[in-house]
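Guided by the hints, dock chain B onto chain A, whose structure is given.
There are 2 protein chains.
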Amino acid sequence: MTRRVSINPRVSAVGGSTIRALHARRGQRSIDLGMGEPTLRPDVAHFEAASRWVAQHGCRYSSNAGEPELRAAIAEHYAYPALNRAENVCITTGSQEAVYVAMKTLLDPAHDEVLLVEPAFPVYGKIAEIEGIPVRRVVLEPEDDFAFDAERIIASIGPKTRMLVLCSPCNPTGRIIGTESVRRIAGDLGRRSGPPVYVLHDEIYREQRYVDDLGAFGNVYPWTIAVNSLSKSNALTGLRLGWAIGPAEVMPAIVKMHGWTTSCASTFAQRVAIEIFRTGALPAQREWYAAQREAVVELAREARFDFVVPEGAFYLCLNVHAADSLAFCHDLIDEHDVIAVPGSVFAASMEGWIRTSFVSPLDQISEGYRRIASLAALVAPA
Amino acid sequence: MTRRVSINPRVSAVGGSTIRALHARRGQRSIDLGMGEPTLRPDVAHFEAASRWVAQHGCRYSSNAGEPELRAAIAEHYAYPALNRAENVCITTGSQEAVYVAMKTLLDPAHDEVLLVEPAFPVYGKIAEIEGIPVRRVVLEPEDDFAFDAERIIASIGPKTRMLVLCSPCNPTGRIIGTESVRRIAGDLGRRSGPPVYVLHDEIYREQRYVDDLGAFGNVYPWTIAVNSLSKSNALTGLRLGWAIGPAEVMPAIVKMHGWTTSCASTFAQRVAIEIFRTGALPAQREWYAAQREAVVELAREARFDFVVPEGAFYLCLNVHAADSLAFCHDLIDEHDVIAVPGSVFAASMEGWIRTSFVSPLDQISEGYRRIASLAALVAPA
Chain A
1 MTRRVSINPR
11 VSAVGGSTIR
21 ALHARRGQRS
31 IDLGMGEPTL
41 RPDVAHFEAA
51 SRWVAQHGCR
61 YSSNAGEPEL
71 RAAIAEHYAY
81 PALNRAENVC
91 ITTGSQEAVY
101 VAMKTLLDPA
111 HDEVLLVEPA
121 FPVYGKIAEI
131 EGIPVRRVVL
141 EPEDDFAFDA
151 ERIIASIGPK
161 TRMLVLCSPC
171 NPTGRIIGTE
181 SVRRIAGDLG
191 RRSGPPVYVL
201 HDEIYREQRY
211 VDDLGAFGNV
221 YPWTIAVNSL
231 SKSNALTGLR
241 LGWAIGPAEV
251 MPAIVKMHGW
261 TTSCASTFAQ
271 RVAIEIFRTG
281 ALPAQREWYA
291 AQREAVVELA
301 REARFDFVVP
311 EGAFYLCLNV
321 HAADSLAFCH
331 DLIDEHDVIA
341 VPGSVFAASM
351 EGWIRTSFVS
361 PLDQISEGYR
371 RIASLAALVA
381 PA
Chain B
1 MTRRVSINPR
11 VSAVGGSTIR
21 ALHARRGQRS
31 IDLGMGEPTL
41 RPDVAHFEAA
51 SRWVAQHGCR
61 YSSNAGEPEL
71 RAAIAEHYAY
81 PALNRAENVC
91 ITTGSQEAVY
101 VAMKTLLDPA
111 HDEVLLVEPA
121 FPVYGKIAEI
131 EGIPVRRVVL
141 EPEDDFAFDA
151 ERIIASIGPK
161 TRMLVLCSPC
171 NPTGRIIGTE
181 SVRRIAGDLG
191 RRSGPPVYVL
201 HDEIYREQRY
211 VDDLGAFGNV
221 YPWTIAVNSL
231 SKSNALTGLR
241 LGWAIGPAEV
251 MPAIVKMHGW
261 TTSCASTFAQ
271 RVAIEIFRTG
281 ALPAQREWYA
291 AQREAVVELA
301 REARFDFVVP
311 EGAFYLCLNV
321 HAADSLAFCH
331 DLIDEHDVIA
341 VPGSVFAASM
351 EGWIRTSFVS
361 PLDQISEGYR
371 RIASLAALVA
381 PA
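Taken in order, these protein sequences are the chains called A and B. Taking the working numbering, I'd label the letters of the first sequence as residues 1 to 382. Taking the working numbering, I'd label the letters of the second sequence as residues 1 to 382.
Do not take every clue at face value.
[As the list claims (entries may be wrong)] In silico DMTMM-like pairs for lysine to aspartate or glutamate, Cα to Cα no more than 20 Å straight-line:
hint : chain 1 : residue 1 : chain 2 : residue 2
1    : B       : Lys126    : B       : Glu143
2    : B       : Lys160    : B       : Glu129
3    : A       : Lys126    : B       : Glu131
4    : B       : Lys160    : B       : Glu131
5    : A       : Lys126    : B       : Asp112
6    : A       : Lys126    : A       : Asp108
7    : B       : Lys126    : A       : Glu131
8    : A       : Lys126    : A       : Asp112
9    : A       : Lys126    : A       : Glu113
10   : B       : Lys126    : A       : Asp108
11   : A       : Lys160    : A       : Asp188
12   : B       : Lys126    : B       : Asp145
What the hints contain is simulated information worked out from the structure, not anything from laboratory work. A quick note: this is a predicted structure, and the numbers were derived from the prediction, not measured.
Just chain A, with the same shape it has in the complex (with noise of 0.2 Å):
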């Protein structure tokens, strides 16, 4: 069968994930700094739950939105003031299904454009790639330590930008936007008449933060989509239950295009996460993030790296000065066993620069900055 298949092109087009290939490539004893999960274990008091509660009701379709009562409860959690009820919240496949849907629903390719703040996880401009929508972005800088600037998102908002997609605390700079930038933002999109632009403010790094000021979109802005998941607050990533916040006029159009895509998410994991709300675990492993960073943050000082303190998320993000953070990337696994995310695959100003993630213990975080340290002595300029 070596014929000649069709494709949609598009599908085609598009890259897989750059960092589910060099994840593929860890071996039993690697170093692995490259995951973007908690190795922290769930909860398992919470399957119990629901496995009674399956035992009790059996395991049948949830509406599409998702179950009333979980979607009261995040409503009433986040209570983000223009989106504070129940049908301001769509329950989705972990919050990669709730971007999805909400970029598809609310950009038309023939004429909307969306802007993303980088670096970023690829995810938004791959979606962007795959439906067709023209993407714009503003790549924030490295001299800055790559600190959200208002000024720079504002002044890079075309007069086809419909949405601008955001991510804080930041995969992958650790960065927060503070409350002031997010209303400086929301007050120039506030004052543009026509239709609203919309801001996704993917929100799933909310519990791992280590700073005061962490702003919200949804505190201010009532066209803002807020995606979330319970993936990194409570180590479960493979559950995929996630969630996406927004205005209630566009709600019962995101809600048909998740029913399309997936019917609707798994009752199983909606009464996990019913669990969660109802006993206050949404914060639960706060701490050992806490203490996790302030560790890898004396680590990659003792290394004498070229770094940016993490606000949020569990990610430290290092400048090995490499003029091919892939190839540095794929070096670093061959000669030394660790595996990091270079990168470019964020933005072009990450470029030389590399994502380190802190969920390993800190013995292996302390041995893999050692042979990052090595490696990067060789490639840095003179």
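Relative to chain A, chain B alone:
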């Protein structure tokens, strides 16, 4: 907030689920013959086994394509000659996502056309509409009891047809395509030049079959995409665990698209599935359906309905001779508190018919049939 909002016109234009909308009208005491899901309970032992696995291993991402062990088990179980390896299988969020991702990946809206064999579950047409894929239809007729007519299906394949979509055992008709018809269609497709025409065979009702001659494209046609799930076989609609089995040439593209849509299927749900395949529990509920089908055919005969004897699935279609089957179904709720699904949502040739599911207790089905007959008597042509 009554501001005009901007939404992707493709998503705006497509309708929501009529079936779900009718279902939403269900009251406490309604007789529900509208349901597209089992009323049996799933085996909670599978959930407990999966929870124990999570306690030991956590609940982390699987690879995009799914757990190798599950992919291998599925490939081996169905043993489709050209599609019998783990790499032929992608685990998805229910069969809904499998259908969505397969159609999206394999069809180029600019050049390809999809041929739907109707009556059919509306989802195929809705997905084509959202993706802008031109649709051609071959409509099976009530005079043939909606039998799959191989010659008519072959005659309907046009020069741009790149995919044929067919559900057997069929939702809604309950008809099954036989091995000889499958062989004829596959033979015709195999003789055509140019890129292969894919056959998307939706097999979700495979375990609910009441005749011996079960045609499966996977057995004879290498360009089959067989989609299926645990939803109907094991009363697990809420688990959202499905899969696509397809040619090795296209699976990497399908897996990639699946990755950008939902990342991966639930690791927990995959453990439940592994347990089901390991213990041979896939056909565990077949006898109940066979008994139920026998009883319900008897009820339909007693009520002197004009109906199609189901060969598979859990639906029995009745000709109620309504001029407008949607209006009939609304009247049925309003006046008799019975839920059924109008034939018109499945095909033009099913106008005047309704779909009843036979998953409710027999006394309820019997009472429901009594009420349907009394309403039908009012609307029937003299």
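Checklist entry - Between Lys126 of chain A and Glu113 of chain A, does the CA-CA distance stay at or below 20 Å? => result holds (14 Å)
Item to check | Distance restraint between Lys126 of chain A and Asp112 of chain B, which requires alpha-carbon spacing of 20 Å or less | outcome: violated (23 Å)
Checklist entry - Taking only the CA atoms, is the gap from Lys126 of chain A to Asp112 of chain A under or equal to 20 Å? => result This hinted pair holds, its Cα atoms lying about 16 Å apart.
Checklist entry - Between Lys160 of chain B and Glu131 of chain B, is the straight-line Cα distance small enough, at 20 Å or below? => result holds (16 Å)
Next on the checklist: Would the hint linking Lys126 of chain A and Asp108 of chain A be met if the CA-CA limit is 20 Å?
Outcome noted: holds (16 Å)
Checklist entry - CA of Lys160 of chain A to CA of Asp188 of chain A, is that 20 Å or under? => result Roughly 15 Å separates the two Cα atoms, so the pair holds.
Checklist entry - Would the pair Lys126 of chain B and Glu131 of chain A pass a check requiring their Cα atoms to be no farther apart than 20 Å? => result holds (17 Å)
Checklist entry - Within 20 Å, alpha carbon to alpha carbon, are Lys126 of chain B and Asp108 of chain A? => result With Cα atoms ~18 Å apart, Lys126 of chain B and Asp108 of chain A stay inside 20 Å; holds.
Checklist entry - Would the pair Lys126 of chain A and Glu131 of chain B pass a check requiring their Cα atoms to be no farther apart than 20 Å? => result Within the cut-off at roughly 17 Å; holds.
Next on the checklist: Run the distance test for Lys126 of chain B versus Asp145 of chain B: straight-line Cα separation, threshold 20 Å.
Outcome noted: violated (25 Å)
Checklist entry - Are the Cα atoms of Lys160 of chain B and Glu129 of chain B separated by 20 Å or less? => result holds (17 Å)
Next on the checklist: Please verify whether Lys126 of chain B and Glu143 of chain B have alpha carbons no more than 20 Å apart.
Outcome noted: violated (27 Å)
In the structure shown, a violation is registered for the earlier hints numbered 1, 5 and 12, in ascending order.
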